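Let chain X serve as the given structure and place chain E on it in line with the hints.
Given next are the chains, with one letter for each unit.
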Amino acid sequence: MIRLTRRYRFPAAHVLRSPALSDAENERAYGKCANPAGHGHDYGLEVTVGGPLDERSGALIPIERLDALVEVTLLDRLGHRLLNEDPWFAAAVPTAEHIALVAWRALAPALAAESSAELVRVRLVETRRNSFECGEAP
Amino acid sequence: MVRLTRAIDFSASLRYWRAELSEAENRALFGRAASQHGHNYRLEVTLRGEPDPRTGMVIDLKELKALLEREIAGRFDHRDLNRDTPYFEKSPPTPENFARVIFELLRAALGDLLYGVRLRQEEDLWVDVVEEPARS
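Sequence lines, in order, name chains X and E. For the first sequence, counting from 1, position 69 maps to 69 in my numbering; every step adds exactly one. Positions in the second sequence are counted from 1; adding 1000 to them yields my numbering.
Honestly, the hints are just simulated from the structure, not real lab data. Watch out, some of these pointers could steer you wrong.
As the list claims (entries may be wrong) - The calculated lysine to aspartate or glutamate pairs, modelled on DMTMM-like cross-linking and capped at a C-alpha distance of 20 Å, are: (1) E:K1090 / X:E55; (2) E:K1090 / X:D54; (3) E:K1065 / E:E1044; (4) X:K32 / X:D42; (5) E:K1090 / E:E1025; (6) E:K1065 / E:D1009.
Stated by the list, open to error - Just some of the chain E residues that point at chain X, by a computed CB distance under 8 Å: (7) S1091; (8) T1094; (9) N1097; (10) R1100; (11) D1124; (12) W1126; (13) V1127; (14) V1130.
As the list claims (entries may be wrong) - Chain E is nowhere near these chain X residues, computed Cβ spacing over 10 Å in every case: (15) R28; (16) L75; (17) G79; (18) H98.
Only a predicted model underlies this, so the values are computations on that prediction, with no experimental measurement involved. We treat Cβ as the ideally placed atom computed from N, Cα and C, and that holds for glycine.
Extracted from the complex, chain X is given alone in its bound form (with noise of 0.2 Å):
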């Protein structure tokens, strides 16, 4: 079994607060990152494929054309921007969990449509200390 692993990265600003909760109930649940300010992350975002080599070029996919996909799926959309602002995020407040998910949604299709490899992962790296996956387990 074969994986590929590719790492990108974006810079982006968030803020966490859900319109579902009160002012005192958001401080509580997201604390700093309730900031109304905003605050902001260099996102890694870890992107594994699998799927069958293909004979011809020896390669799941093209990295060329990995790293084209992604970032016209991705980091164009999220990369210097505040997320909060995406019709994304409209309904969802940006948290990393769903920043993967949104992530996850967005390049399955795109992948799919344009290759044979298929997305088994996404590992969004939030901080050093945090990250955040979607997928197959490593």
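Frame of chain X; chain E shown alone:
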């Protein structure tokens, strides 16, 4: 059952090339990778087993180190993957193919002790190969 991982670093030159294709076709298929270039690889080899009741070890790490020097560094370090090895005549030395070749070489040398390999080609790119899980 315990898993343990040992790493080894080596460097090699290579190009993505299929002998049956013309130069133009190779360039169209592989782009910049069709030109001669090189990488610093890091290989992480993961073994699994029960610790020996007398020594408390799954394998003597000196023995594993020597085996990796022989099987991996001896074959690939400061070599050209296309010219100096027989493994990439049919399919180019992509990290996927290279990791698969290494897995098979170590499977032959280590048998069931081998769990899997991770081949890092750059800080931001790596390939994992493990045995297919048994179908139930």
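Right, here's what the structure says about each hint:
no. : hint              : in the structure
1   : E:K1090 / X:E55   : holds, 9 Å
2   : E:K1090 / X:D54   : holds, 13 Å
3   : E:K1065 / E:E1044 : holds, 12 Å
4   : X:K32 / X:D42     : holds, 17 Å
5   : E:K1090 / E:E1025 : holds, 15 Å
6   : E:K1065 / E:D1009 : holds, 12 Å
7   : S1091             : holds, 4 Å
8   : T1094             : holds, 4 Å
9   : N1097             : holds, 5 Å
10  : R1100             : holds, 6 Å
11  : D1124             : holds, 4 Å
12  : W1126             : holds, 5 Å
13  : V1127             : holds, 5 Å
14  : V1130             : holds, 5 Å
15  : R28               : holds, 38 Å
16  : L75               : holds, 13 Å
17  : G79               : holds, 16 Å
18  : H98               : holds, 24 Å
Violation of the numbered hints given earlier is absent; every hint is satisfied by the structure.
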